[in-house]
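Here is what each chain is made of, one letter per residue.
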Amino acid sequence: GAGVSQSPSNKVTEKGKDVELRCDPISGHTALYWYRQSLGQGLEFLIYFQGNSAPDKSGLPSDRFSAERTGGSVSTLTIQRTQQEDSAVYLCASSLARTSLSSYEQYFGPGTRLTVT
Amino acid sequence: GENVEQHPSTLSVQEGDSAVIKCTYSDSASNYFPWYKQELGKRPQLIIDIRSNVGEKKDQRIAVTLNKTAKHFSLHITETQPEDSAVYFCAASGGYGNKLVFGAGTILRVKS
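So the protein lines, in turn, are chains A and B. Following the working numbering, the numbering of the first sequence begins with 7 at its first residue and continues without gaps. Following the working numbering, the numbering of the second sequence begins with 15 at its first residue and continues without gaps.
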């Protein structure tokens with residue numbers, strides 16, 4: 007089936023504006039993760055969803071960042087009052103249920119490139 | 015928390031040669047170690063992974079080894095080809111429902 011999809015692919019916004027980034031996980035994947043990749047850097051964990059709840063939010067950089075997941079599927083990451091240091095590629099990943107032998111594997115979406123001017 | 019170190023940061027090899035990338039981790043509770051390949055402007059793609067109950071895993075030209083005692087794991091690519099050129103990331107995790115902690119990445123260049 008289709009892989010993880012994200013929208014928009016690119017977003018340019020002015021400093022101080024709010025942005026919403028969307029992730030559609032692979033159908034049937036119950037776990038969903040958000041990561042951030044700054045230019046030339048590795049991937050930094052933001053938040054993890056199991057179903058609609060978020061047992062691990064430890065990577066969110068500040069209270070300007072929030073995320074939700076509805077219906078155990080689509081997730082949105084919201085950044086309020088964007089700052090220039092928020093510029094990065096935001097990647098979403100999903101994985102199968104715990105009962106699956108492949109449950110550890112995380113599959114990534116193409117990312118949203120956010121530029122804050 | 016977990017910390018993953020990855021070396022080297024860049025690696026240039028001649029086509030047909032082997033490439034080895036090494037990672038160390040700090041948290042002995044980590045039990046899952048995937049490797050991702052990321053081409054420029056593309057998403058990270060899982061190429062191979064290993065769990066802590068296994069010491070080595072191979073898939074065609076790619077192999078991963080794990081030394082739990084020393085807390086390090088390595089990616090081995092044999093008979094490298096130009097299309098292997100990319101950034102490679104190692105990661106460590108406590109398994110399902112646990113975040114991946116990534117190394118800083120290795121830029122691999124295969125010269126033809």
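Note that these hints are calculated values from the structure, not bench results. Since this is a predicted model, take the numbers as computed values, not measurements. Among the clues, some could well be false.
DSS-like, lysine-lysine: derived pairs with alpha carbons at most 27 Å apart [what the hints assert, rightly or not]:
#1 Lys-85/B with Lys-125/B
#2 Lys-125/B with Lys-51/B
#3 Lys-125/B with Lys-36/B
#4 Lys-72/B with Lys-36/B
#5 Lys-17/A with Lys-51/B
#6 Lys-17/A with Lys-63/A
#7 Lys-36/B with Lys-51/B
#8 Lys-82/B with Lys-36/B
#9 Lys-82/B with Lys-125/B
#10 Lys-51/B with Lys-63/A
#11 Lys-63/A with Lys-56/B
#12 Lys-82/B with Lys-17/A
Right, here's what the structure says about each hint:
Our distance criterion of 27 Å between C-alpha atoms is broken by Lys-85/B and Lys-125/B, whose separation comes to about 31 Å. With a C-alpha separation of about 18 Å, the suggested pairing of Lys-125/B with Lys-51/B holds against the 27 Å cut-off. For the hint pairing Lys-125/B with Lys-36/B, the CA-to-CA distance comes to about 21 Å; that is within 27 Å, so the pair holds. With a C-alpha separation of about 16 Å, the suggested pair Lys-72/B and Lys-36/B falls inside the 27 Å cut-off, and the hint holds.
With a CA separation close to 24 Å, the supplied pair Lys-17/A and Lys-51/B stays within the 27 Å bound. Restraint check for Lys-17/A and Lys-63/A: satisfied, since their Cα atoms lie roughly 24 Å apart, inside the 27 Å limit. Of the supplied pair hints, the one linking Lys-36/B and Lys-51/B holds, its CA atoms being roughly 14 Å apart against a limit of 27 Å. For a cut-off of 27 Å, the pair hint linking Lys-82/B to Lys-36/B stands: about 14 Å separates their Cα positions.
Among the hinted pairs, Lys-82/B with Lys-125/B is inconsistent with the structure: their alpha-carbon atoms are about 33 Å apart, more than 27 Å. Of the supplied pair hints, the one linking Lys-51/B and Lys-63/A holds, its CA atoms being roughly 26 Å apart against a limit of 27 Å. Between the alpha carbons of Lys-63/A and Lys-56/B the distance comes to roughly 26 Å, so the proposed pair stays at or under 27 Å and holds. At roughly 42 Å between alpha-carbon atoms, Lys-82/B and Lys-17/A are farther apart than 27 Å, so this suggested pair is violated.
When each numbered hint is compared with the structure, violations occur for hints 1, 9, 12.
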